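**Q** Please put together the full structure from these sequences, using the hints given.
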Amino acid sequence: MESNALLARPLRHQLRWNTAFTVVLATVIAAMINYLGFRYYWRKDFSQSGYYRLSEKTIHLLESLPQPVHVFVCLATSNLRSEIDNLLREYQYRGKDKLVVEHVDPALDLDRAEALAKKYNFDLRENVIIFEYKGKTKFVDEAELVEYDVTGGFLGQAPRIKAFKGEQQFTSAIQSLVEGKPAKVYFLTGHGERAINFTDAGGYGEIELRLRRENMETEVLNLAVTGSVPKDADLLIIAGPKVPLKPSEVEAIRSYLEANGKLIVLEGAREVSGLEPLLEKYGIQFHNDIVVARGRIVGLKGEVLVSVATGNSFGDHPAVRSLSGYNLQMPNARSLAASSSPNASKTTWLVRAPEAFWGETDSEEKNPQFDSGKDIAGPLTLAMVYDGGRLPGQNVRVAGARIAAIGSSSFLANQNLDGVAVDFFINLVNWMTQRELALGITPKTPQEFRLSLTPQQKLLVASLALTVFPGIALLAGISMWVSRRQ
Numbered sequence: 001m002e003s004n005a006l007l008a009r010p011l012r013h014q015l016r017w018n019t020a021f022t023v024v025l026a027t028v029i030a031a032m033i034n035y036l037g038f039r040y041y042w043r044k045d046f047s048q049s050g051y052y053r054l055s056e057k058t059i060h061l062l063e064s065l066p067q068p069v070h071v072f073v074c075l076a077t078s079n080l081r082s083e084i085d086n087l088l089r090e091y092q093y094r095g096k097d098k099l100v101v102e103h104v105d106p107a108l109d110l111d112r113a114e115a116l117a118k119k120y121n122f123d124l125r126e127n128v129i130i131f132e133y134k135g136k137t138k139f140v141d142e143a144e145l146v147e148y149d150v151t152g153g154f155l156g157q158a159p160r161i162k163a164f165k166g167e168q169q170f171t172s173a174i175q176s177l178v179e180g181k182p183a184k185v186y187f188l189t190g191h192g193e194r195a196i197n198f199t200d201a202g203g204y205g206e207i208e209l210r211l212r213r214e215n216m217e218t219e220v221l222n223l224a225v226t227g228s229v230p231k232d233a234d235l236l237i238i239a240g241p242k243v244p245l246k247p248s249e250v251e252a253i254r255s256y257l258e259a260n261g262k263l264i265v266l267e268g269a270r271e272v273s274g275l276e277p278l279l280e281k282y283g284i285q286f287h288n289d290i291v292v293a294r295g296r297i298v299g300l301k302g303e304v305l306v307s308v309a310t311g312n313s314f315g316d317h318p319a320v321r322s323l324s325g326y327n328l329q330m331p332n333a334r335s336l337a338a339s340s341s342p343n344a345s346k347t348t349w350l351v352r353a354p355e356a357f358w359g360e361t362d363s364e365e366k367n368p369q370f371d372s373g374k375d376i377a378g379p380l381t382l383a384m385v386y387d388g389g390r391l392p393g394q395n396v397r398v399a400g401a402r403i404a405a406i407g408s409s410s411f412l413a414n415q416n417l418d419g420v421a422v423d424f425f426i427n428l429v430n431w432m433t434q435r436e437l438a439l440g441i442t443p444k445t446p447q448e449f450r451l452s453l454t455p456q457q458k459l460l461v462a463s464l465a466l467t468v469f470p471g472i473a474l475l476a477g478i479s480m481w482v483s484r485r486q
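Take the sequence shown: its position 53, counted from the start at 1, is 53 in the UniProt record's numbering, and no numbers get skipped.
Think of the hints as simulated: they come from the structure by calculation, not from any bench.
Please note that the accuracy of each hint is not assured.
What the hints assert, rightly or not - Simulated restraints, written as ranges between beta carbons of each label pair:
1) Val-304 with Glu-63: 45 to 55 Å
2) Arg-321 with Gln-369: 32 to 42 Å
3) Gly-274 with Val-304: 29 to 39 Å
4) Leu-474 with Glu-63: 49 to 59 Å
5) Ser-345 with Gly-190: 28 to 38 Å
6) Asn-327 with Asp-362: 21 to 31 Å
Stated by the list, open to error - For lysine-lysine, the following BS3-like pairs were computed, each having C-alpha atoms within a straight-line distance of at most 30 Å:
7) Lys-246 with Lys-231
8) Lys-96 with Lys-119
9) Lys-281 with Lys-242
10) Lys-138 with Lys-181
Note that this is a predicted model, so its numbers are computed, not measured.
Even glycine gets a Cβ: it sits at the ideal position worked out from N, Cα and C.
**A** Here's what the structure looks like:
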C-alpha cells in the first residue's frame, strides 16, 4: 500500500509537469498563430453590394505610391468613425507600408491632438482627415464624405446616409498630393456662355465646384481681352455660347489645338459657337437639329413630345466605361456624327440615344413628327471625342490634341445636374487632362437589411439567446467538472 503511494507520487508530479508544459506549448502556439494572422492576412469583401471593395483605380494608386503617405484621422465626435476606420484599413491593406495611419482623439490624447492642430493649423472642434506627402498636406472634412437623405425630416426621422464618398475623397486627396501640380481649366466667356456661379439656375456653379474638389484650378477666359489661350491651360471649356466666336477667337483656338491643346465644346440645340467648320476638320460634325421623341407620361393622355434626350448606350472609352447600365439625361440636345475628314478615324462616340429618338430639323414645326426625308433617324450620337494622340490600328500613343463635343449644355446646369451627369463630366475632364487614374470612383450606398419577425418569433430568439444557449454551455461545464471529479 505504502509502495503504491510512493510510486504514485512521482507519477503525479510527472503529470503536473506534462500538463504545465502542454498549457505553455498551447499558449505559445496560439500566440504564434495570432502573430502570423496579424502580420500575414487576407481581406475579402463578401458584402452583396461590394460596399467595402476598393476600385481598381484606387488599388493601382496605392500599389504604385513612390513614397509613404501619412494619414492623420482627427475625429472628436463622429458618427462616421467606423466607416472611416474600415475604409482606411482597406487602404492600408492595399498600400502596405506606403500608407501610415494615425488615429488621434482629442478626448484621449489632448497633447498629441494639440500638436497636430498647431502644426497643420486647424481647430480641434473640426472633424478632419489630413493626408501628408513630402511636406504637402490635403484636408478632407468629414462633411465631404457623405450625402444625407433628409426627406424623412418632416416625419421626425433622423437624416439617413444616402451615399458614402470616402473612397472618392481619399483617393482624390492622395492623387492630388502625388501629382503635385493641379490641372488648370479655363471656361470661355464673352459669348453668352453659362456662367460658373450658383445664382443662375442655368449656371455651372455646382459642376465647377466639383472640378475644384478634383484638385483642379478654374478660371474664366475672355479671348477678346487676352487674344490667345494661356500657355498654362490644361483644358478649355466652351459651354453653351449664344453668339458665334469672332474669326480672331476661332484662330486663337485653332492655334491652341495645333499646340496639342485640350478642348470641350458643349453646344445644344439653337446654340452656336462658330467652331463648327474647325471641328469638322477634326472629324466632328454637329447636326442642326433637336433630339426629340414621342412618349407617354403618367397622368397624361396620349403621346407627348419629349425634348430630354436619354443616353443609354456608352462607347468603348475610359470616360464612359463605368456608366454602363445608367441613363444620362440631356435636355435640349442636338446630335453629332463623324465628318468626312480623314481625322474621323481618330474619333470615338461616347453617348447615344436609342432609336425612339430622332433629330428634328424643323424647329418651327408645331407638332413634330419624324420625316424620313429630312429628319435624322436614331440611334443618335450625343457626345463624341477626337484623340489626336491615337494612331489608328496601332497600340501606340503620341502627343496630340484632344477634343470632346457634347450636344447639350443644359444637362450640367445647376438645376439639372445629377449624379450620372457629374460622373460623366468628371470622368471626361480627367481623360481630357490625362488624369485617367481618377476615373470611375463613385460613392457607395449603404445597404439596409431588415429582419421581419412575428412576436412569437422574437420571443423564441430571445429565449434561445438568454436561456437555452447559456444553459447548454453551463451544462457542458458541469458535465466536464463531474467527469474530472470521478
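**Q** Hints first: check each against the structure and report whether it holds.
**A** Comparing the hints with the structure gives:
1. Val-304 with Glu-63: 45 to 55 Å: holds, 52 Å
2. Arg-321 with Gln-369: 32 to 42 Å: For Gln-369 against Arg-321, whose Cβ atoms are near 36 Å apart, the range 32 to 42 Å holds.
3. Gly-274 with Val-304: 29 to 39 Å: holds, 34 Å
4. Leu-474 with Glu-63: 49 to 59 Å: holds, 51 Å
5. Ser-345 with Gly-190: 28 to 38 Å: holds, 34 Å
6. Asn-327 with Asp-362: 21 to 31 Å: holds, 27 Å
7. Lys-246 with Lys-231: OK: Lys-246 and Lys-231 at ~21 Å, within 30 Å.
8. Lys-96 with Lys-119: Within the cut-off at roughly 26 Å; holds.
9. Lys-281 with Lys-242: Distance of about 22 Å is within 30 Å: holds.
10. Lys-138 with Lys-181: holds, 13 Å
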